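Participant: Place chain B on chain A using the hints.
There are 2 protein chains.
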Amino acid sequence: MTTGHGQTPTDDGVPGGAAAPPGVSRRGMLSGALLAGLGGAVVGAAGGGSAAWAMATSDAATVDDTDTVDLDRSYPYYGTGHQGGIETQPQRHTVFMTFTLADTATKSSLQTLLARWSAAAAVLQQGNSVGAVQPSNGVAPPGDTGEAAGLSPASLTVTIGLGPTLFDDRFGLAPHKPAAFSALPTLNGDTLDPKFTGGDLSVQACADDPQVCYHAVRNLARLGRSVVTPFWAVLGFGRASAGPGQQTPRNLLGFKDGTRNIQTDQQYSEFVWVQNGDQPWMEGGTYQVVRKIRMLLETWDTDRVGNQQQIIGRHKEEGSPLSGAHEMDTPNFAAKTSTGDPVIDPVSHVALAARENNGGMMIRRRSYNYTDGLDANGELNAGLLFIAYQNDPQHFVQLQNRLGAHDLLNEYIRHVGSAIFAVPPAPEKGHYLAQQLFTAS
Amino acid sequence: MTTGHGQTPTDDGVPGGAAAPPGVSRRGMLSGALLAGLGGAVVGAAGGGSAAWAMATSDAATVDDTDTVDLDRSYPYYGTGHQGGIETQPQRHTVFMTFTLADTATKSSLQTLLARWSAAAAVLQQGNSVGAVQPSNGVAPPGDTGEAAGLSPASLTVTIGLGPTLFDDRFGLAPHKPAAFSALPTLNGDTLDPKFTGGDLSVQACADDPQVCYHAVRNLARLGRSVVTPFWAVLGFGRASAGPGQQTPRNLLGFKDGTRNIQTDQQYSEFVWVQNGDQPWMEGGTYQVVRKIRMLLETWDTDRVGNQQQIIGRHKEEGSPLSGAHEMDTPNFAAKTSTGDPVIDPVSHVALAARENNGGMMIRRRSYNYTDGLDANGELNAGLLFIAYQNDPQHFVQLQNRLGAHDLLNEYIRHVGSAIFAVPPAPEKGHYLAQQLFTAS
Numbered sequence: 001m002t003t004g005h006g007q008t009p010t011d012d013g014v015p016g017g018a019a020a021p022p023g024v025s026r027r028g029m030l031s032g033a034l035l036a037g038l039g040g041a042v043v044g045a046a047g048g049g050s051a052a053w054a055m056a057t058s059d060a061a062t063v064d065d066t067d068t069v070d071l072d073r074s075y076p077y078y079g080t081g082h083q084g085g086i087e088t089q090p091q092r093h094t095v096f097m098t099f100t101l102a103d104t105a106t107k108s109s110l111q112t113l114l115a116r117w118s119a120a121a122a123v124l125q126q127g128n129s130v131g132a133v134q135p136s137n138g139v140a141p142p143g144d145t146g147e148a149a150g151l152s153p154a155s156l157t158v159t160i161g162l163g164p165t166l167f168d169d170r171f172g173l174a175p176h177k178p179a180a181f182s183a184l185p186t187l188n189g190d191t192l193d194p195k196f197t198g199g200d201l202s203v204q205a206c207a208d209d210p211q212v213c214y215h216a217v218r219n220l221a222r223l224g225r226s227v228v229t230p231f232w233a234v235l236g237f238g239r240a241s242a243g244p245g246q247q248t249p250r251n252l253l254g255f256k257d258g259t260r261n262i263q264t265d266q267q268y269s270e271f272v273w274v275q276n277g278d279q280p281w282m283e284g285g286t287y288q289v290v291r292k293i294r295m296l297l298e299t300w301d302t303d304r305v306g307n308q309q310q311i312i313g314r315h316k317e318e319g320s321p322l323s324g325a326h327e328m329d330t331p332n333f334a335a336k337t338s339t340g341d342p343v344i345d346p347v348s349h350v351a352l353a354a355r356e357n358n359g360g361m362m363i364r365r366r367s368y369n370y371t372d373g374l375d376a377n378g379e380l381n382a383g384l385l386f387i388a389y390q391n392d393p394q395h396f397v398q399l400q401n402r403l404g405a406h407d408l409l410n411e412y413i414r415h416v417g418s419a420i421f422a423v424p425p426a427p428e429k430g431h432y433l434a435q436q437l438f439t440a441s
Numbered sequence: 001m002t003t004g005h006g007q008t009p010t011d012d013g014v015p016g017g018a019a020a021p022p023g024v025s026r027r028g029m030l031s032g033a034l035l036a037g038l039g040g041a042v043v044g045a046a047g048g049g050s051a052a053w054a055m056a057t058s059d060a061a062t063v064d065d066t067d068t069v070d071l072d073r074s075y076p077y078y079g080t081g082h083q084g085g086i087e088t089q090p091q092r093h094t095v096f097m098t099f100t101l102a103d104t105a106t107k108s109s110l111q112t113l114l115a116r117w118s119a120a121a122a123v124l125q126q127g128n129s130v131g132a133v134q135p136s137n138g139v140a141p142p143g144d145t146g147e148a149a150g151l152s153p154a155s156l157t158v159t160i161g162l163g164p165t166l167f168d169d170r171f172g173l174a175p176h177k178p179a180a181f182s183a184l185p186t187l188n189g190d191t192l193d194p195k196f197t198g199g200d201l202s203v204q205a206c207a208d209d210p211q212v213c214y215h216a217v218r219n220l221a222r223l224g225r226s227v228v229t230p231f232w233a234v235l236g237f238g239r240a241s242a243g244p245g246q247q248t249p250r251n252l253l254g255f256k257d258g259t260r261n262i263q264t265d266q267q268y269s270e271f272v273w274v275q276n277g278d279q280p281w282m283e284g285g286t287y288q289v290v291r292k293i294r295m296l297l298e299t300w301d302t303d304r305v306g307n308q309q310q311i312i313g314r315h316k317e318e319g320s321p322l323s324g325a326h327e328m329d330t331p332n333f334a335a336k337t338s339t340g341d342p343v344i345d346p347v348s349h350v351a352l353a354a355r356e357n358n359g360g361m362m363i364r365r366r367s368y369n370y371t372d373g374l375d376a377n378g379e380l381n382a383g384l385l386f387i388a389y390q391n392d393p394q395h396f397v398q399l400q401n402r403l404g405a406h407d408l409l410n411e412y413i414r415h416v417g418s419a420i421f422a423v424p425p426a427p428e429k430g431h432y433l434a435q436q437l438f439t440a441s
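In order, the protein sequences belong to chains A and B.
Numbering follows the UniProt record's numbering, with no gaps: position 191 of the first sequence is 191.
Numbering follows the UniProt record's numbering, with no gaps: position 46 of the second sequence is 46.
Okay, chain A solo, but in the shape it has when bound (with noise of 0.2 Å):
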C-alpha cells in the first residue's frame, strides 16, 4: 500500500491492527476543488483502528505557495492618519494586554503615559530598544528588557485603545465621551469571565516574531507601572483572519476565518473609520472589540463534518459556501436543495454574519488563535482572540446579540472575555496619542 506522496505506511505489527495513516497532503488541499476534480480521488477510511483514517491517491505535484515573511519590514508609527494593527496586513502573531489605572492615577499621569507610550512604540514599530539594554553606568536598570535585541522589526504594530471607564467621573473627561461609546451591554450567549473583562486601556501588539510583540507589550507595561497594572493579556498565533494578497488563515475549528473581510478604502471609510462624529479626538479613529472566545475543540472534533458544514455555512476545505464552489463565491441565501430546503441553513454562522443578512453591515475582523494549555479536566483551553474594529459599536452588539441567540455554533464556543476601547487616530510627529482629547477645552 503506497499513496501517490511516495510513503510507504509502516507495518507496525501492533496487536489491534492500528493502520499507519498514509496521509494527505496539506499543499494539496489548498486548491479546495482538487480532490473532486480528480475523480472522488478520496477512497474512504483505511484500518481498523477506532481514528478514521483517509487517504488520498492523487499524484498531485505540492502547490508551490513558499510562505515567507519578511521580518526586515517596519512601519511608520507618526502621521499614518489611522493607528497600525487595524488595516495593515495582518502579523501572523500578537500579544493583547488591558490595564486597569491606579487609583492615585491623576487626568495628568494618564497623558503622560500616553506620551510615553505613543513615543515608545514609534521606537519599537522602528525595531529599535526603548532604552540602553546595557547602560555604560552599571548601576542603572536597564532602559530596555532586552529580549528583542538583535531581532528584526518584524512589522511591529502597536494600536493602544481608551476603555469607557476613563470617561467617568475620575479624570475630567466625561464631556469628550462619544455618544456612541460605553461598555459593551451584556450580549445573549455572554458567559463572561470577569478575569477577562473590561480594562481601562488597551495595547495590542502585532508582529511577524512573538518575541517581538512580547516585548513590546512588557515594555510598555514597564513604562506604566505606578499608573497603571496590567489586568489580562492573550498571546495569540496563526492570524485567523486575512488580508489582500493572503490566503485566509484557519481557527481551530479548522475552518478559514477572515473570508469576505472589509478591504477595500470604501469599506474602511463607511464601516471602521470614525468620520464627522461628535468628538475632534476621535476623527479617524474607530472602535476595537475584543472577545477571549473559548472553543469546545474536543466537542467539534468528535462531531461529523457534514454537520461542521452546516453549522458554518461553508465547505470545511475551500471554504466555499455550501451554495458555492469556490472560497470567493457570494453566499447564495436563496438557494434551495432538491427537496426545497435552503442550502445555506438561516441559522449557521455565515448566514446571521453576512452582510446580505445585516442590511449591508460589515466589521473589520483582526482574529487571532489562543491557547491556555489545558483546563481541570485536560482539556484543550484554547479558541479565537477575536478583534473587530468598526466606527459604530453597535454594529457589533447587534450581530453578536443575533448570533448569541441563534447561531449554530454556540454549542461548541464561550465568549468568556469581552472588552471594548475607542481607538484614536495615531499622532502626529511631535504630538501623542489622543492628545486632542486632553487639550480639549
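These aren't lab readings, by the way, just hints derived from the structure by calculation.
Source: prediction; values computed, not measured.
Mixed in with the good hints, there may be bad ones.
Any copy, or any two copies together, can satisfy a pair, since identical chains are not distinguished.
Subject to a maximum C-alpha distance of 25 Å in a straight line, what follows is the list of computed DMTMM-like cross-link-like pairs (lysine to aspartate or glutamate) [stated by the list, open to error]:
hint: 1; residue 1: LYS429; residue 2: GLU283
hint: 2; residue 1: LYS195; residue 2: ASP372
hint: 3; residue 1: LYS195; residue 2: ASP278
hint: 4; residue 1: LYS195; residue 2: GLU379
hint: 5; residue 1: LYS195; residue 2: ASP341
hint: 6; residue 1: LYS195; residue 2: ASP375
hint: 7; residue 1: LYS195; residue 2: GLU298
hint: 8; residue 1: LYS195; residue 2: ASP72
hint: 9; residue 1: LYS336; residue 2: ASP168
hint: 10; residue 1: LYS107; residue 2: GLU283
Facilitator: Then chain B, alone, in the frame of chain A:
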C-alpha cells in the same frame, strides 16, 4: 535633539516633562562592541521622566542580518537514528504536552498508541494531514482537525518520551527500565506545582509556525483519546537556545541563552546519546528533562544592569563572559579584578553551570520562552520552558542541585514544573517508537 537614526523625538508638551525615547538600534547591538567601539556613544539618560532613557548617537548602519525562515523545509521521521527535535536546529516555536494514561490502559493499548503516534508523526512532519479534513462521506468526523490545512511543514519535529511511571507494575515493563532512569528526586530550590509536574508520556512538537505545532499535538491527543488524557501543556516561543549557524536567542531576562551549547558530534556522542546502556531499546536514545521556570520579571527589571551581569556572569548585550569581550570567548574563572576579586562571581549562573566547573560535563539545552499571561497580582506570568537532553539524568540532577543551592539567579526564578522522560531512538520504516521495548522478552 536628534538621534543618529533620523528619528525626531516628539515634543509631547506633557506636564512632568516626560522625554521621548530616541531609541537604540536593536540591530546595532548585535555587534556587541559597537557602542563601546565608537568611543562611548551611549551618552546617558535624557529627560525628566522616571524611566531612564538612554540614547545612541552613532551613525552605524543597520546590520544586514535578514532573518528568513524556510517554511518549506521538512524532516523525515523514520530511520534517522535519533528522534528529531534534539540535535535539530532549534525551530522558532514549540508546543510541549504531557499525558497520563487512563486507568484502563493496557500494555497493548499503550503499544498501539505509540504505533499510531509514530505513523501520525511521520505524516505530520511531511506537512500532511493525518486524515481527511473534509471526508467525502459527510457523516464521518474529519480525520484531521484541519487548522494546518494549507500550511507548510515548517520544519516540524515530533519528539515522544516515556515517563518513569510507565515502568511501574501496570504494564510488565519494569524489567526493561534503564538503571539510570527514575523520577527526578526533589532538587535544591524546587517549588514545584503538581499541576505542571510529571507525566506518563511527553510530546514535544517544534516548528517554525506555532499553528503547525499546535495542530500536531492536538491531533496526537485526539488519536490518544480513551488511552491518554492530556496533563499539562506549554506553548513556547522565541527559541532560547541557538544551534550552529543561528544567532543565540535571548530569554526573557534579556540575556542570550544557549551560548556554548552542545554542537559537535563528539559532544553529542559523549553527553547526549545513550550508548552501551543496559537496555537495548534505549540505544541511541536520550533523556529529556523539562522544567517550567517562572521568571520574576518585574523584580528583575528593577535590578541594575551591573548586578544582572554579576548574577549571570556575562555582559548583557554581547553575551560575552565578564572575563572576555566576545560571546564565544571561554570564560576565565581564574581572572581577578585589580582588587583581587574574581571577575566572574563563583556563584554566578555561568560559573556554576560551566563545563569547566562540572568535570567537563555538558547538557544539550533546547529551551523556549513562554507566557501564561498575568498572575492574580497583575504581574507577568512568564519564563523559560527549559528542555535539556542528556544520556544520564544524573548530569542534570547534579547541575540543578548546585544551581538550586547557590545560583545568584535563584532570587529571580522559580522552578514550578518538572518532568523527565526516556526518549527512545527514531523508529526505522516499518516499525514504531519503542517497539523494541514491547517485544523484548
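Participant: Taking the hints in turn, state whether each one holds.
Facilitator: Cross-check of the supplied hints:
| no. | hint | in the structure |
| --- | --- | --- |
| 1 | LYS429 with GLU283 | within (17 Å within a copy, 64 Å between copies) |
| 2 | LYS195 with ASP372 | both (14 Å within a copy, 14 Å between copies) |
| 3 | LYS195 with ASP278 | neither (32 Å within a copy, 52 Å between copies) |
| 4 | LYS195 with GLU379 | both (20 Å within a copy, 14 Å between copies) |
| 5 | LYS195 with ASP341 | neither (43 Å within a copy, 50 Å between copies) |
| 6 | LYS195 with ASP375 | both (15 Å within a copy, 10 Å between copies) |
| 7 | LYS195 with GLU298 | both (24 Å within a copy, 21 Å between copies) |
| 8 | LYS195 with ASP72 | neither (36 Å within a copy, 40 Å between copies) |
| 9 | LYS336 with ASP168 | neither (52 Å within a copy, 61 Å between copies) |
| 10 | LYS107 with GLU283 | within (21 Å within a copy, 67 Å between copies) |
Violation of the numbered hints given earlier is confined to hints 3, 5, 8 and 9; the remaining hints are satisfied by the structure.
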